[in-house]
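Chains as they are written, first to last, in the numbering used here: chain A, 708 to 882; chain B, 369 to 500.
Keep in mind that a hint or two might mislead.
As the list claims (entries may be wrong) - Each computed DSBU-like pair below joins lysine-lysine, with the alpha-carbon atoms no more than 30 angstroms apart:
#, chain 1, residue 1, chain 2, residue 2
1, A, Lys882, B, Lys455
2, B, Lys424, A, Lys782
3, A, Lys816, A, Lys882
4, B, Lys438, A, Lys882
5, A, Lys821, A, Lys882
6, A, Lys817, A, Lys876
7, A, Lys854, B, Lys443
8, A, Lys876, A, Lys816
9, B, Lys494, A, Lys782
10, A, Lys821, A, Lys854
11, A, Lys882, B, Lys494
12, B, Lys455, A, Lys817
13, A, Lys835, A, Lys817
14, A, Lys804, A, Lys862
15, A, Lys869, B, Lys494
16, B, Lys494, B, Lys430
17, B, Lys400, A, Lys882
18, A, Lys869, B, Lys424
19, B, Lys494, A, Lys847
20, B, Lys400, B, Lys430
21, B, Lys424, A, Lys835
22, A, Lys804, A, Lys835
23, A, Lys816, A, Lys847
No lab work stands behind these hints, which were simulated from the structure alone. Given the structure is predicted, the values throughout are model-derived calculations rather than measurements.
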Amino acid sequence: MIRGKKAESKIISVYWFVILLLVATGIIVMVNVFYGSPYDIRRIEAEILSENIANCISPGGEINEDLLSPTEIFKEEFRDNFLSRCNVTLDAQSEFKDIQYYLEIEFTKKDSPKRVLFEIVEGNPNFKEDCNLDGTKHEKLVQCVQKEFYSMGEKGTLYSIKMTSMVRKTEQNAK
Amino acid sequence: MREKRGQLLVENVIFIILNLVFLTIMILFVVKQGAGASILEQSYAKQISLIIDSAKPGAIIKINMLDAKKVADEKGVPFEEIVTHEKNFVTVRLSEKGGYTYTFFNDVDVEIYPDDVFYIITVDKKIGGEND
Numbered sequence: 708m709i710r711g712k713k714a715e716s717k718i719i720s721v722y723w724f725v726i727l728l729l730v731a732t733g734i735i736v737m738v739n740v741f742y743g744s745p746y747d748i749r750r751i752e753a754e755i756l757s758e759n760i761a762n763c764i765s766p767g768g769e770i771n772e773d774l775l776s777p778t779e780i781f782k783e784e785f786r787d788n789f790l791s792r793c794n795v796t797l798d799a800q801s802e803f804k805d806i807q808y809y810l811e812i813e814f815t816k817k818d819s820p821k822r823v824l825f826e827i828v829e830g831n832p833n834f835k836e837d838c839n840l841d842g843t844k845h846e847k848l849v850q851c852v853q854k855e856f857y858s859m860g861e862k863g864t865l866y867s868i869k870m871t872s873m874v875r876k877t878e879q880n881a882k
Numbered sequence: 369m370r371e372k373r374g375q376l377l378v379e380n381v382i383f384i385i386l387n388l389v390f391l392t393i394m395i396l397f398v399v400k401q402g403a404g405a406s407i408l409e410q411s412y413a414k415q416i417s418l419i420i421d422s423a424k425p426g427a428i429i430k431i432n433m434l435d436a437k438k439v440a441d442e443k444g445v446p447f448e449e450i451v452t453h454e455k456n457f458v459t460v461r462l463s464e465k466g467g468y469t470y471t472f473f474n475d476v477d478v479e480i481y482p483d484d485v486f487y488i489i490t491v492d493k494k495i496g497g498e499n500d
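Could you build the full structure based on these sequences and the hints that come with them?
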């Protein structure tokens, strides 16, 4: 009887050893997968970029007077110096790397949303198409944030502003 | 009979101790992996970039970098050299050969300097910018 019990406890300890080994392997694999993949902050970056641009072109809910004249004509000069006027730099880390951002802003009147009155485009348009990919396919390639809001001109005309901001930086944020 | 009972108790105690040792090793492994130099470098560089991106001119931000200081001390990197910035990118370096760089898009004047276990980031309007 006692001999049988001893044999049984030996078998249990072998099983236990196997279980511990499995648990250890599982933990090591999970930890490596978790810490091996980089933190993806591109969506937050794109959100902040959109907010900064929105505050620049429409501070306090009215279109920036440097962008829209009192006679409600959009100024080309603002578009030409858009980045410096909005305190944004899209420069890459080195000259040999591509720009990792893309910005597109469309102005339409609220009553005629299909007719684009003015457009501002900045950054690298090469990965624009990646945003239109289905499902989660594009999430590793590029993070896209779209926002639409209304802003008033000096004469009280309501404009719809559609903004798309994209951040690529795939190598640093996705595995 | 009494001897057998005593033997059983000793076996159980050893079994429990071994399990606890295993558990401790696993916890230490997980904690050590999470506090590795490369992970901290990446997380601090990205955090600082996001802070600069969302900061308005005039902002002063204080970041506690005690974790980073401990790792840097171990690896022989002076605390004053952990965070550096150039143009629109921030580099965090916690080991001699390491370092992680991340760019930010906010075109502002940034100053980053150490203070005890903290790093102070000041954000100001760029001198000579269009909006001055």
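Hints and how they fare:
1. A:Lys882 with B:Lys455: holds, 27 angstroms
2. B:Lys424 with A:Lys782: holds, 26 angstroms
3. A:Lys816 with A:Lys882: violated, 42 angstroms
4. B:Lys438 with A:Lys882: Holds - the C-alpha atoms of A:Lys882 and B:Lys438 are around 28 angstroms apart, at most 30 angstroms.
5. A:Lys821 with A:Lys882: Given pair A:Lys821, A:Lys882 is violated - Cα atoms ~39 angstroms apart, limit 30 angstroms.
6. A:Lys817 with A:Lys876: Measuring from Cα to Cα gives roughly 34 angstroms; hence the hint is violated.
7. A:Lys854 with B:Lys443: Violated, at roughly 45 angstroms.
8. A:Lys876 with A:Lys816: Measuring from Cα to Cα gives roughly 34 angstroms; hence the hint is violated.
9. B:Lys494 with A:Lys782: holds, 23 angstroms
10. A:Lys821 with A:Lys854: Holds, because 16 angstroms separates the two Cα atoms, which is no more than 30 angstroms.
11. A:Lys882 with B:Lys494: violated, 35 angstroms
12. B:Lys455 with A:Lys817: violated, 40 angstroms
13. A:Lys835 with A:Lys817: At roughly 25 angstroms apart (the allowed maximum being 30 angstroms), A:Lys817 and A:Lys835 satisfy the hint.
14. A:Lys804 with A:Lys862: violated, 44 angstroms
15. A:Lys869 with B:Lys494: Holds, because 28 angstroms separates the two Cα atoms, which is no more than 30 angstroms.
16. B:Lys494 with B:Lys430: holds, 21 angstroms
17. B:Lys400 with A:Lys882: Roughly 22 angstroms separates the two Cα atoms, so the pair holds.
18. A:Lys869 with B:Lys424: holds, 23 angstroms
19. B:Lys494 with A:Lys847: violated, 33 angstroms
20. B:Lys400 with B:Lys430: holds, 26 angstroms
21. B:Lys424 with A:Lys835: Cα-Cα ~29 angstroms, so holds.
22. A:Lys804 with A:Lys835: Roughly 17 angstroms between the alpha carbons, so the hint for A:Lys804 and A:Lys835 holds.
23. A:Lys816 with A:Lys847: violated, 35 angstroms
In the structure shown, a violation is registered for the earlier hints numbered 3, 5, 6, 7, 8, 11, 12, 14, 19, 23, in ascending order.
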